[in-house]
Structure formats: structure tokens, C-alpha cells
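Q: What follows is each chain in one-letter form.
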Amino acid sequence: MLKLVCPYCGIEADETELISGGEAHLKREGPASTDDDFEGYLFLRNNPKGIIFERWRHAMGCGKWFHVARCTVTQEVFGTYPAQTHKPPSRIMEEIKSRRAGQVNGLNSDKAEKFS
Amino acid sequence: MGSVLKKYSLFSLVRQSLNYHTGWERAWKSPEPKESYDVVIVGAGGHGLATAYYLGKNHGINNVAILEKGWLGGGNTGRNTTIIRSNYLQDASAAIYEKSRSLYETLSQDLNYNIMFSPRGVIMLAQTHHEARGYQRINSANVIQGIKTEYILPERIKELCKIINIDCPRYPILGALWQPRGGTARHDAVAWGYARACSDIGMDIIQKCEVTGINPHANGAVELQTSRGKIRCQKLGMVVAGHSGVLAQKAGFRLPIESVALQALVSEPVKPCLDVVVMANTVHGYISQSDKGEMVIGGGADQYNNYSQRGSFIHIENTVRALVEMFPIISRLKMLRQWGGIVDMTGDRSPIISKTPVDNVFINCGWGTGGFKSIPGSGWAMAELMAKGEPGVLASPFSLDRFKEGRFIDESVAAGVAH
Ligand SMILES: Cc1cc2nc3c(=O)[nH]c(=O)nc-3n(C[C@H](O)[C@H](O)[C@H](O)COP(=O)(O)OP(=O)(O)OC[C@H]3O[C@@H](n4cnc5c(N)ncnc54)[C@H](O)[C@@H]3O)c2cc1C
Ligand SMILES: [Zn+2]
Chain A
1 MLKLVCPYCG IEADETELIS GGEAHLKREG PASTDDDFEG YLFLRNNPKG IIFERWRHAM
61 GCGKWFHVAR CTVTQEVFGT YPAQTHKPPS RIMEEIKSRR AGQVNGLNSD KAEKFS
Chain B
1 MGSVLKKYSL FSLVRQSLNY HTGWERAWKS PEPKESYDVV IVGAGGHGLA TAYYLGKNHG
61 INNVAILEKG WLGGGNTGRN TTIIRSNYLQ DASAAIYEKS RSLYETLSQD LNYNIMFSPR
121 GVIMLAQTHH EARGYQRINS ANVIQGIKTE YILPERIKEL CKIINIDCPR YPILGALWQP
181 RGGTARHDAV AWGYARACSD IGMDIIQKCE VTGINPHANG AVELQTSRGK IRCQKLGMVV
241 AGHSGVLAQK AGFRLPIESV ALQALVSEPV KPCLDVVVMA NTVHGYISQS DKGEMVIGGG
301 ADQYNNYSQR GSFIHIENTV RALVEMFPII SRLKMLRQWG GIVDMTGDRS PIISKTPVDN
361 VFINCGWGTG GFKSIPGSGW AMAELMAKGE PGVLASPFSL DRFKEGRFID ESVAAGVAH
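Residue numbers (the working numbering), protein chains in the order written: chain A, 1 to 116; chain B, 1 to 419.
Quick caveat, the hints were computed from the structure, so don't treat them as lab data.
The hints are all genuine.
Here are the simulated DSS-like cross-link-like pairs (lysine-lysine), alpha carbons at most 25 Å apart as the crow flies: (1) B:Lys-404 to A:Lys-27; (2) B:Lys-388 to B:Lys-99; (3) B:Lys-250 to A:Lys-27.
Take the sequences, apply the hints, and build the full model.
A: The following block contains the structure:
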């Protein structure tokens, strides 16, 4: 059972209390955007095998959206953070770096920037 | 190239039994990879192997390698609950799934390999009014598409399936979409049968060979970095289901796909008591009885991105709880095994058989929770696409650009999961 700490209520919630919202930090497109932009925003996903930044909702708790950094292979959770941000906070990046030194460069920091 | 393998027949069985079965040959060869091929297929699941087979059979392209990072058929093809049906709503889906189902009818003879196709009939239960209306609509679509289905009522369901409890308290059974020529087949045998046939026409099946890098512009060829050295090809087909996003990234593009875990489990074997396939989409319970007597049970997909081939326990619990309500007789069965596969879910829950943004690189993926049934038809359509460089009628609606164009093939209307 996946357990995540809701950054608002501080509760460690079972996945049965939560709803997954998929990849985080997508750039929301507007009226001036092209078809390619919209395709990217609505459908194309990094779908990483490894570290993912994703959205979750504490549906059966406070009801709020928050963010999670997780490994899609081991289910290791690197931390959770509030939704009001366009990229993972440095605290989370440091945590990932300290546990997965090798993996950070390729994927995470630049992807975090690129899709922020 | 002529056939080099001995044909399986009653005579070969008799001959071998006189030899105490010591003379059977290996069903396929395990050659060293060559430096280059006309076509390389990545992924020796059902779809990859079927693509290779029809490239040879229908288009005469035999200089083909199929590269597999694990063992052939060890992905979703060897992990699924083997439901075969073609009662889809949209014309494009009905066409390719029915092509596939009809190829399954004669696949054992075609491959000279018993894939144990069992058209025992599939009951898709309607347990909400919304679902009942949805299935009546599909039934009408199927009439026009020429696919034999019928909307049936609870009494008929009870006749077809004696062990079902039609008065489930939470989700009573209101009706069902019945496809009498749907059914099951033996999953491993489908992979093995195609593999044997591919090997027989001279193709190389190379296992324990992971593609780790793709250079699409290596002097007019596609060059692959693999765990067994560099391999070049004129055309590349990516057929890797849950790992499609990983491979596409190596070729430099992204896909409208997310990978999640889907689980299944089997019970201890019991005497025959269920001779149809029953699907309950509202509660995500899928059940049939194998020839060995085990209850084969499938559940719903997990909710989050996952590559670990094991899912969340709560999904198993939900599925089993729902099935026990519908089939009280199974409440005391012991479960023997449980496992997961990584399925590739697209935005409109329909597959992709397409050219890609990269020349000479083709992709077949997005079958998600329901692509065992489509293996022969998908291989047929993908082979045509790769041989001609342009999709035929079966594949063309499933191109990648439909997401940009908003031209979806929306099969998620009636059921979120499509086993
Ligand atoms: C639990 C479960 C139940 C299901 N039930 C049904 C059902 O009842 N009916 C139905 O129709 N469908 C069902 N499905 C779906 C069905 O199993 C799949 O859609 C289908 O098997 C996909 O086949 P494939 O050949 O595309 O993929 P796979 O069989 O997964 O083959 C892909 C192969 O690619 C290999 N690969 C990946 N990356 C690389 C690489 N870099 N280099 C080399 N090789 C690589 C993998 O090792 C794998 O063997 C179910 C799936 C699951 C998981
Ligand atoms: Zn909360």
C-alpha cells in the first residue's frame, strides 16, 4: 500500500484516501497556443521509468491537491510538497540527490526546469 | 526459405511417444545477432512476434530480427487473463478486433501450433442503467458492423452461467452483452506459436537483448545500441507495451501514454463449473475457468504510474470482494498466484499503430488492458504498415497524429477497462 504524507494536514494517508492526478508541472496552454502545444499539454507525457513528479489529491481528507516525488520502479517516496509551485522545491531536489546521486543530472533537474 | 522444422501432427506425437519423448526439437533457434537486418522489431511479446510473422507471410520480408530484453512472452502477453472478444463500439476498433478474432479461429492450423483457442462465449454484464444502455448501443453498432452479438436479459445469463448470483445486492445484474464466438486462448502458446513460425522462416529471435539506445540517422540506417552489441536495420518497429515511453524517449519523441500496473490472480483448480467468460466492468471483476480448473481472475488497473510489475493490494481486494458477491461459490477458494503487468494506457484508451516523428521508425503500442485479443490483427496491420511505409485500412485510424487532430477513437465510454 502506497502511503503519502499530505503536506497540508500532515497526515500519512493510505492510497485508498488519495486520488492520483498524473504528471505534475505541466505548462497550461491558452488561446494563443498551437495544436502542437495543446497536444503536449493534454496528452504527451514523460511517463518516466524512475523518478516522477506527480499530482495527488487528498480526496478522503482535506480534499486538496498536492505534489509528490516518487520512483516508479521502487515506489520510494522522496517527499511531498504543496501544489502552489511550478517546479519541485530545492528541499525535494536535495533529498533526491542525497539518495540517488547518479540519477539526478540526466532526468530530474533539467526536466523539472523544462516542464515547469 | 523453406520450412526446416518438423511438423507437429498425430504421427509425430505417436513417433515421439515410442521414443519416450526424447526426440522433440527446440521450437525456435537462439542465434547470435547479426550486424544488420532489413527489419528489427523490439519486443518479443505477442504483438512483436505477430508483426514479424506477417511481415514474412504476407509481405515476403524474412530478414528480420526480434529483440527481447527478457524472455519471449514474458511481458503482458504471458501475464494476461486471455479474454478475446470484438464487440467494440467504434467502427475502427470493431474492424481490427474482429479481424483479430477471426484470425484466432484458425491460428492453430495456420501456425501448426495448438494455441487452444476456445470460443466459449463472453458475457459482459450490465450492472448499472448507464452500462445497460451503453451495451444496447454497442449491440446496435455491432449489428451494423456485422459482428454477432446479442443483448441478453438476466434469465438468459443465468442459463449460460449457472453459478452466477443475478440478485447482487449492490450492483444487480440487469442484462449483458453476449458474444457467442468470443472466448479465450492459451497466452504462452500464442507467443510460442508465432515464435516457432518466425524462426522457421529464418527470422532471428534474440532474447536477453535489451535495446538501450537508438540512433535513427546512422548513414541511411537505424542503429541500435543493445546489451548484445550494435545492430543496424532499415526499418525499426517498437512493440514494447508498457515500456513504449522509455523507448520512444531514446528515439527522441514523447507519446500520449502512461504506464500503470494491472493485476491478475488464479485460484486452486476445481471441477468445471464455469464454461463462459464473465466480465463485470462496473466492479472490475473478470473471470473464466482454465482447462486445468483454476479460476482466472483479472482486476482493474492501478491508479498511478508504475513500472514495478506488482500492483496495489487494494485492487485485488476490491475485485475479489465484487466477484464473491456475484459468484458465492468461489468464496472459499484459495488463491494460488497473483501478479501484475505494466500496461500502456493512451488518452482515448485505443491503441497506436503508426509512423512516428522519426523516419523508418514505426510504433505499435497503447493496447493497455486489452491487447491479447488483438495480437493477430495488430500484427497483420503493423506488418502492412512497415512493409509499405503507409498504413492500410486497419491501421490508419490508429495513427499517432489523432491526438493532435482531436480525432479520438473513444472506447472508454462504455467501460474504463477493456479486457
Ligand atoms: C493482468 C493483465 C490482464 C490482462 N487481461 C487481458 C485480457 O483478458 N484480454 C486482452 O485482450 N488483453 C489483456 N491484457 C492486455 C494484454 O496482455 C496486452 O495488451 C498484450 O499482451 C500486449 O502485448 P505486447 O506484445 O504489446 O506486449 P508485451 O507482451 O508486454 O511484450 C513487450 C515486450 O517488450 C520487451 N521490451 C521492453 N523494452 C524492451 C527493450 N528496451 N529492449 C528489448 N525488449 C524490450 C518486454 O520485455 C516484453 O517482453 C491484460 C494485461 C494484464 C497485465
Ligand atoms: Zn490533507
